[in-house]
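Colleague: Quick note on numbering: this note's numbering labels position 212 of the sequence shown as 294, and the sequence is numbered without any gaps.
Hints listed in this document are in silico derivations from the structure and should not be mistaken for laboratory results. One thing to keep in mind: the hints can contain errors.
Stated by the list, open to error - Mimicking DSBU-like on lysine-lysine, the simulated pairs with C-alpha atoms at most 35 angstroms apart in a straight line are: (1) LYS166 <-> LYS186; (2) LYS195 <-> LYS307; (3) LYS112 <-> LYS437; (4) LYS406 <-> LYS112; (5) LYS437 <-> LYS225; (6) LYS112 <-> LYS195; (7) LYS307 <-> LYS166; (8) LYS437 <-> LYS307; (9) LYS195 <-> LYS437; (10) LYS186 <-> LYS406; (11) LYS406 <-> LYS307; (12) LYS166 <-> LYS225; (13) LYS225 <-> LYS406; (14) LYS307 <-> LYS170.
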Amino acid sequence: LPAALTVNLISATFLLCGVGSLLQSLGPWKFGARLPFVMVPGGAPIVMFLTIAQQRYLQTASGAVILTALFYFLVLPIFSRLLKYFPKIVIGTLLLLVSINLVKIYGGIIAGKPGTPGFADPANIGLALATIAFTVLFARLFKGTLGQLSVMLGLVAGSALAALFGMMSFSGVAIGPIWSTPTLLPFGMPHFDLIAATPLLIFSVISMVEATGQTDAVAEIVGRKIELRDVVPRTIRTDALVSLIGGFFGTSMIITSGENIGIVQATNVRSRYVTATAGLILLLISLFAPLGRLASAIPTAVVAGTAMVVFAIIGTIGINMLRKVDLHQRGNTFVLAGALTMGLLPIMVPGLYSKFPETLQLILGNGLAIGSITAIVLNIVFHHFPLGPTH
83 LPAALTVNLI SATFLLCGVG SLLQSLGPWK FGARLPFVMV PGGAPIVMFL
133 TIAQQRYLQT ASGAVILTAL FYFLVLPIFS RLLKYFPKIV IGTLLLLVSI
183 NLVKIYGGII AGKPGTPGFA DPANIGLALA TIAFTVLFAR LFKGTLGQLS
233 VMLGLVAGSA LAALFGMMSF SGVAIGPIWS TPTLLPFGMP HFDLIAATPL
283 LIFSVISMVE ATGQTDAVAE IVGRKIELRD VVPRTIRTDA LVSLIGGFFG
333 TSMIITSGEN IGIVQATNVR SRYVTATAGL ILLLISLFAP LGRLASAIPT
383 AVVAGTAMVV FAIIGTIGIN MLRKVDLHQR GNTFVLAGAL TMGLLPIMVP
433 GLYSKFPETL QLILGNGLAI GSITAIVLNI VFHHFPLGPT H
């Protein structure tokens with residue numbers, strides 16, 4: 083894309099993440115969970131958005147985002163009635179699969195694409211590992227406020243190391259406009275194609291399940307007792323609203339992501355007013371272009387190294403949640419075993435379902451999706467249809 087349009091889209095993304103973070107943190111009207119949430123562009127929806135754009139043009143990709151956001155609102159009343167089928171065995175399994183899936187994805191980002199000249203570049207891998215080491219070292223050495231900032235300090239130390247070895251350039255930070263404001267309909271009028279939007283529509287259901295797990299996990303970390311049927315719809319409603327607006331500004335889906343769980347646990351910062359302040363900072367970044375360009379200058383290996391720590395922490399929270407489940411009970415054992423089997427297969431063996439019909443590949447090939455569905459279905463089979471003893 084032209085440089086001006088790229089800056090415009092970056093500005094729009096920061097703006098909507100800021101607005102969404104404020105809504106989730108403060109919870110006005112019936113929007114926002116009133117939990118320490120920061121909203122981000124989801125990784126999976128970005129890939130789907132780009133695929134639609136490459137196959138059917140950017141206008142169709144924007145239309146798909148708008149259709150998916152409206153679908154959220156349409157399905158939410160039905161989904162809210164199903165939340166009783168999400169006990170800790172399901173949510174703990176979901177968090178474990180989220181963690182493993184994200185670690186694999188970001189490990190791939192660090193290593194690069196197999197077959198390309200830059201694949202497994204020792205410099206990138208070393209930089210990511212150094213960032214992880216810095217983060218863990220700061221968490222061990224520092225206490226109080228500095229200890230809470232170990233994730234951020236690890237990111238800064240990794241960036242400083244990259245700059246020292248010439249792997250980070252600040253040359254582009256000062257080049258370009260000082261102020262940037264998003265443009266409505268940057269690609270022109272959206273084009274609505276239900277067939278093209280199918281991957282995002284399927285993702286939206288998976289996203290609702292993931293939002294349920296995130297809301298429950300973060301509420302538990304911050305020590306807040308919540309009624310899932312009240313708070314989860316507020317989380318999802320905000321995802322839908324911000325994504326809907328994003329569709330008109332050319333962004334992909336903006337959602338409440340699993341990173342929140344890891345960051346809250348790693349930093350021990352549990353106040354929603356902190357994330358509301360982060361939302362205001364994102365609004366400032368969206369308007370002050372050099373800050374956005376500075377964020378873009380941080381090497382991918384450093385960002386991915388930091389992310390790996392956060393994602394692994396999500397897994398530890400899932401394990402902690404599963405510790406509260408009676409795994410001596412036969413039903414729970416098979417719910418977990420079945421979900422992990424179906425969820426880990428496509429993660430560990432990429433392309434396993436590549437010869438299946440495309441529609442099935444969308445579900446079976448997504449470890450998080452099929453693992454979550456398996457956990458939900460098996461939980462219902464073992465605990466809601468008493469055909470015999472489950473102990």
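Colleague: All hints are to be evaluated individually against the structure, with a verdict given for each.
Modeller: Hints, one by one, checked against the model:
1. Between the alpha carbons of LYS166 and LYS186 the distance comes to roughly 31 angstroms, so the proposed pair stays at or under 35 angstroms and holds.
2. For the proposed pair LYS195 and LYS307, the alpha carbon gap of about 44 angstroms is over 35 angstroms, so the pair is violated.
3. As the CA atoms of LYS112 and LYS437 are separated by approximately 44 angstroms, the hinted pair breaks the 35 angstroms bound.
4. Distance restraint check for LYS406 and LYS112: the Cα-Cα separation of roughly 31 angstroms lies within the 35 angstroms cut-off, and the hinted pair is therefore satisfied.
5. Only pairs whose Cα atoms come within 35 angstroms are accepted, and LYS437 paired with LYS225 is rejected, the gap being roughly 52 angstroms.
6. Simply put, LYS112 and LYS195 have alpha-carbon atoms about 43 angstroms apart, too far for the 35 angstroms limit, and the pair is violated.
7. Between LYS307 and LYS166 the alpha-carbon distance is near 16 angstroms, which keeps this suggested pair within the 35 angstroms criterion.
8. Taking the CA atoms of LYS437 and LYS307, the gap is about 46 angstroms. The hint is violated against a cut of 35 angstroms.
9. Simply put, LYS195 and LYS437 have alpha-carbon atoms about 22 angstroms apart, close enough for the 35 angstroms limit, and the pair holds.
10. Between LYS186 and LYS406 the alpha-carbon distance is near 27 angstroms, which keeps this suggested pair within the 35 angstroms criterion.
11. Taken as a hint, the LYS406 and LYS307 pair is honoured in the structure, with Cα atoms around 16 angstroms apart against an allowance of 35 angstroms.
12. Between LYS166 and LYS225 the CA atoms are separated by roughly 40 angstroms; this puts the pair beyond 35 angstroms, and the hint is violated.
13. Between LYS225 and LYS406 the alpha-carbon distance is near 29 angstroms, which keeps this suggested pair within the 35 angstroms criterion.
14. With a C-alpha separation of about 14 angstroms, the suggested pairing of LYS307 with LYS170 holds against the 35 angstroms cut-off.
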